[in-house]
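Novice: Sequence:
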Amino acid sequence: MHLLIFYWSKLRTFAPNIIKSKKKNKFFYYLFKNKCSKYCTSKTGSMAKEIRNREDNYSEWYNNLVIKADLAENSAVRGCMVIKPYGYAIWEKMQADLDRRFKETGHVNAYFPLFIPKSFLSREAEHVEGFAKECAVVTHHRLMADPGGKGLVVDPSARLEEELIVRPTSETIIWNTYRNWIKSYRDLPILCNQWANVVRWEMRTRLFLRTAEFLWQEGHTAHATAQEAMAETRKMVEVYASFAKEVMALPVWIGPKTATERFAGAVETLCIEALMQDGKALQAGTSHFLGQNFARAFDVQFANSEGKLEYVWATSWGVSTRLMGALVMAHSDNNGLVLPPKLAPVQVVLVPIYKGEEERSSICAHLANIGTRLQALGITVKLDDRDNVRSGFKFSEWELKGVPVRIAVGPRDLANGTIEVARRDTLEKQIVPLGGLEDLVQKLMHDIQNNIYDKALDFRNKNTFEINSYDEFRERIEEGGFFLCHWDGTPETEARIKEETKATIRLIPEREDPRPGNCMYTGKPSAQRVVFARAY
RNA sequence: CGGGGUGUAGCGCAGUUGGCUAGCGCGCCACGUUCGGGACGUGGAGGCCGAAGGUUCGAGUCCUUUCACCCCGACCA
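Under our numbering, the first residue of the first sequence carries the number 30, and numbering increases by one thereafter.
Hints were generated in silico from the structure; no laboratory data involved. If you're wondering where the values come from, they're calculated on a predicted model, not measured in any experiment. Beta carbons are placed, not taken as given, at the ideal position from N, Cα and C, and that holds for glycine. Among the hints, erroneous ones may be present.
[Stated by the list, open to error] What follows is a set of in silico ranges between Cβ atoms, one per label pair, in the way DEER data are often shown:
1) N103 with N333: 48 to 58 Å
2) D487 with A187: 54 to 64 Å
3) A187 with A260: 23 to 33 Å
4) T134 with R441: 46 to 56 Å
5) E386 with N226: 40 to 50 Å
6) A165 with Q459: 18 to 28 Å
Take the sequences, apply the hints, and build the full model.
Specialist: Structure, rendered in structure tokens:
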């Protein structure tokens, strides 16, 4: 963008008359071509795209991409976002798949209130400390006409006796409810999930990655024993990991967090971490073993088989619309989004190439027929029969939206009985006979899904390093990536490294043969390497 | 909450030391020519310049306040 502005102002200075001309665009293009031929293409639209792609700042690229790909936009409300239909369709697919996985592991859905009495939040000490700084608070329940005549004001007489907190997470209100549900060991386990929105008043927000309000699911389970709860914690983080791999085509590391990075109120936090293309890590999901902390705070006890009272063991686990951010940042390229077929709202787009109304109608009819054949296989198809944009425009637009497969048919194909098939992940095009349509598309769905995963895995492997010297670490962390390093296990060292390098311990990887060594910072003994990275 | 930046047509942006009826590109509408990778011509519609005060004969431009958004930090999923 800076280039554009620069040459634009030059043009103004040196050739003001040209600017007045309707042909400004063309002159501008020629000027640009002379100065900067390597970025040049023959169309002004592509030129703007080339410039945009040279934008150094990844955050801007990401935001721009999300907006341009029609996924989301900033709302009028501070820090919130509007998820647009195309983006929401992706979320719905994620939801459906996750929900199926939850049901398969014995969970049921329920719904708990949006508002939490302030007193609930303060029951669990660490939990309060973790969330108190970022809560939206409801203090009144009524508005009235402004006595000064200017719109509405809060009615001071409608002040709530106890303020209500808009849930930042639902542990407290759920455990307050579970107290009534649990009397005996026969009532356990309770395996509930809720799909909901939560609000965390973050200082700084970013579309999908950190918004003030976000959609998520939160599972809250209650168990009779610590072992059972721990097993549940483990099971659910594995559900997330396999979902990430199989559906999102996103390779993740699984492991526990360090004590510093743990969820507020948890005894143990397991997480999945993914590597984004700019080398930063993204926590994509968490599963917490809460011990008996919330049961004690809300006095939830059960009679065991011997008739003795015990506190209940708890877990909670969640993933959010942040997964959408992960999806965008892990797979996209300079042409836009790259969606894995399993999450693409449109899996195959059909684009006619024609001149004249007659050709248009015959080719569209032909494509509609192809569409029907694909729909019979359960594939989501979109026929782009708009006649106000040309085919080339449609090609780039659907690439921007990440549609995995594009089928184009023109008069030539119609005559030869062929179709042009293009895949989004590799941008390859081939002309094939129409006869093999079903097999080819099904194979492509499969191949693209796998290829996207392989690409992301390859990227992660190439950007995962074992480092032993702290000097080298400080240098290499600038380039991003996962760093496997020895750490002495103390929060002090962890904090110092964070302060000096902005890198945090993302997780402690679980390996069959943990090799001991010496902490890269202090030289003290270390049981195994941990994963350091700069994170979102 | 600290530092920096931006608010002017649906989108992206010009607008000079205050001055005439606020401009340009894309998009949109109409007609025509086009159509195998972001088409072109002609004509047209679309704005109380983020909001509120103030200075002035006169404010997009200067001053004050305020709101929103973006980027970099701190905080977090």
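Novice: Are the hints correct? Go through all of them and say.
Specialist: Right, here's what the structure says about each hint:
1. Our hint of 48 to 58 Å for N103 and N333 holds, since their Cβ atoms are close to 52 Å apart.
2. Between D487 and A187, the C-beta spacing of about 59 Å keeps the proposed range 54 to 64 Å intact.
3. A hinted range of 23 to 33 Å for the beta carbons of A187 and A260 is inconsistent with their spacing of about 48 Å.
4. Against the hinted window of 46 to 56 Å, the Cβ-Cβ separation of T134 and R441 comes to about 52 Å, which satisfies the hint.
5. Hint check: E386 to N226, Cβ distance near 48 Å, so the stated range 40 to 50 Å holds.
6. Restraint check, A165 to Q459: a C-beta distance of roughly 53 Å breaks the suggested window 18 to 28 Å.
Hint check: violations occur at hints 3 and 6; the rest are consistent with the structure.
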